[in-house]
Structures are given as C-alpha cells and as structure tokens.
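For the record, the sequence lines run as chains A and B.
Just so it is clear: in the first sequence, position 72 is 240 by this note's numbering, and no numbers are missing.
Just so it is clear: in the second sequence, position 20 is 23 by this note's numbering, and no numbers are missing.
It is worth saying that the hints were derived from the structure and are not from the lab.
For every residue, glycine included, the Cβ atom is placed at its ideal position computed from N, Cα and C.
Hints should not be assumed to be uniformly reliable.
Examples of chain B residues toward chain A, derived with CB under 10 Å [to be verified]:
1. 9
2. 42
3. 46
4. 49
5. 111
Chain by chain, the residues:
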Amino acid sequence: DGGITQSPKYLFRKEGQNVTLSCEQNLNHDAMYWYRQDPGQGLRLIYYSQIVNDFQKGDIAEGYSVSREKKESFPLTVTSAQKNPTAFYLCASIERWGTGTIGELFFGEGSRLTVL
Amino acid sequence: AQKITQTQPGMFVQEKEAVTLDCTYDTSDQSYGLFWYKQPSSGEMIFLIYQGSYDEQNATEGRYSLNFQKARKSANLVISASQLGDSAMYFCAMRETNSGGSNYKLTFGKGTLLTVNP
Numbered sequence: 169d170g171g172i173t174q175s176p177k178y179l180f181r182k183e184g185q186n187v188t189l190s191c192e193q194n195l196n197h198d199a200m201y202w203y204r205q206d207p208g209q210g211l212r213l214i215y216y217s218q219i220v221n222d223f224q225k226g227d228i229a230e231g232y233s234v235s236r237e238k239k240e241s242f243p244l245t246v247t248s249a250q251k252n253p254t255a256f257y258l259c260a261s262i263e264r265w266g267t268g269t270i271g272e273l274f275f276g277e278g279s280r281l282t283v284l
Numbered sequence: 004a005q006k007i008t009q010t011q012p013g014m015f016v017q018e019k020e021a022v023t024l025d026c027t028y029d030t031s032d033q034s035y036g037l038f039w040y041k042q043p044s045s046g047e048m049i050f051l052i053y054q055g056s057y058d059e060q061n062a063t064e065g066r067y068s069l070n071f072q073k074a075r076k077s078a079n080l081v082i083s084a085s086q087l088g089d090s091a092m093y094f095c096a097m098r099e100t101n102s103g104g105s106n107y108k109l110t111f112g113k114g115t116l117l118t119v120n121p
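All chains should be modelled from the sequences, with the hints used to inform the complete structure.
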C-alpha cells in the first residue's frame, strides 16, 4: 500500500543533542513538507521541498535542517539550536498541483519528540 | 496577520445533530484552495473536503459540506447527523502559491476541538 512512513513514532532526547526524524513516501509525489504541531497552535510549516536537491524554509525553520537527496525521502534534523523542540512532527507529501489533483496533503502518522 | 482564523477553540454537539465549524481566511490571490482536515486523538490527519476558489457550488462529501462565502472569505464546515466518532480536532487550511506559481504550501488554522455528546 502506498503511503508515508515516519519514524520513530516516539523519541526522547537530552538537551543539546541533535536528532533526525525520518520520512519516507512511496506515493511518487514530488513535494514533501514538514510541519510542527503544538497544543493550541495548529500546524506550522518548518521546511518544504518541491523537487530533489531543493528545499525552502517555512515559517519556523530556525533550529531545523533538512535534505532531499532522493524523491522518496525527506529527513528532518532537529538541532541543538532549536530552543523548544518538544512537539509533534508531521511529514506530508503532495502530487504536483495542476496534474488533475486538488493538491491535498497526504500525512504520515507523526513523530512525537520529547526533550528531557 | 493570521491567514486562517478558526475562532472556536472548542465546540460541543449532541449526537445526531448538525454542527458548523467556522473558518475565515485572508488572501489576495484569485486562485486558491481551501481544505478541511480531521485529527483524532491518535494524531493522524484525515482529509475531509476541498473547495476551489473558482468552484461555484459548495463542496459536499457525505455528511460533510463546505459553506463557501467568497466575498466574506469564509469556508465553514458543516457536519450533519453528528456521530460519536466525529469527536476530534478539525483544521481548516488554505493552499497558497508564491508569486511565480511554482511553489505552494498549505497554511493551517489553529483548529477546533469538537466533542460529540451521546
């Protein structure tokens, strides 16, 4: 079955450590996105990528980094520079808008990061 | 300024009754898309319904309908015949493009927590 796989589902980290969240999709989608969700804040965009080897900052990119070496993969690194990293992280992908699709986001099941 | 505003942090509805979740948006684009997603306590995001800015008729999907009032920039979600399983967080989102039209992203509101009472 096609879909988006995020791992790990739960992650604990000590302050000052970098951590990488995995996101893999087999939907053959061009664009991929990372959102952060905090209680009462909705979803906020961290980074997005339209094609391989290219990505753009979203609204809250500080303290995060990404790479897009393969179409299927879009890992997110939460660096020690991120001051408040405890949150729920959602990865999503989308078909290229204009190919007869409406542009809905397909989401993974999320990764919950807790900084101890 | 917020681009998507959901003014109801929480809503309660009796089972089998209808409920309206409010969403207003702000954009200067002529072409845009509006989405509603449902997020149960498990955390997954479930796409519910879509309305394009040029669509003349309100979108409907089963028990979900979207009350689209373009001049007022509102896109309210109506859930008819509420069920206990409808209890969840609901997010309104808008698709935006950059000036070149090649990059696009969805911007989300802060959500409304719906509780359906038996």
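Each hint tested on the structure:
Taking 10 Å as the C-beta contact cut-off toward chain A, the hint placing residue 9(B) at the interface holds, the least distance being around 8 Å. For residue 42(B), the interface hint holds, the least distance from its beta-carbon to any beta-carbon of chain A being 9 Å, beneath 10 Å. The closest approach between the C-beta of residue 46(B) and any C-beta of chain A is roughly 5 Å, which is under the 10 Å cut-off, so the hint is satisfied. Interface hint at residue 49(B): satisfied, since its Cβ lies 8 Å from the closest Cβ of chain A, which is below the 10 Å cut-off.
For residue 111(B), the shortest C-beta to C-beta distance to chain A is roughly 4 Å, which falls under 10 Å, so the interface hint holds.
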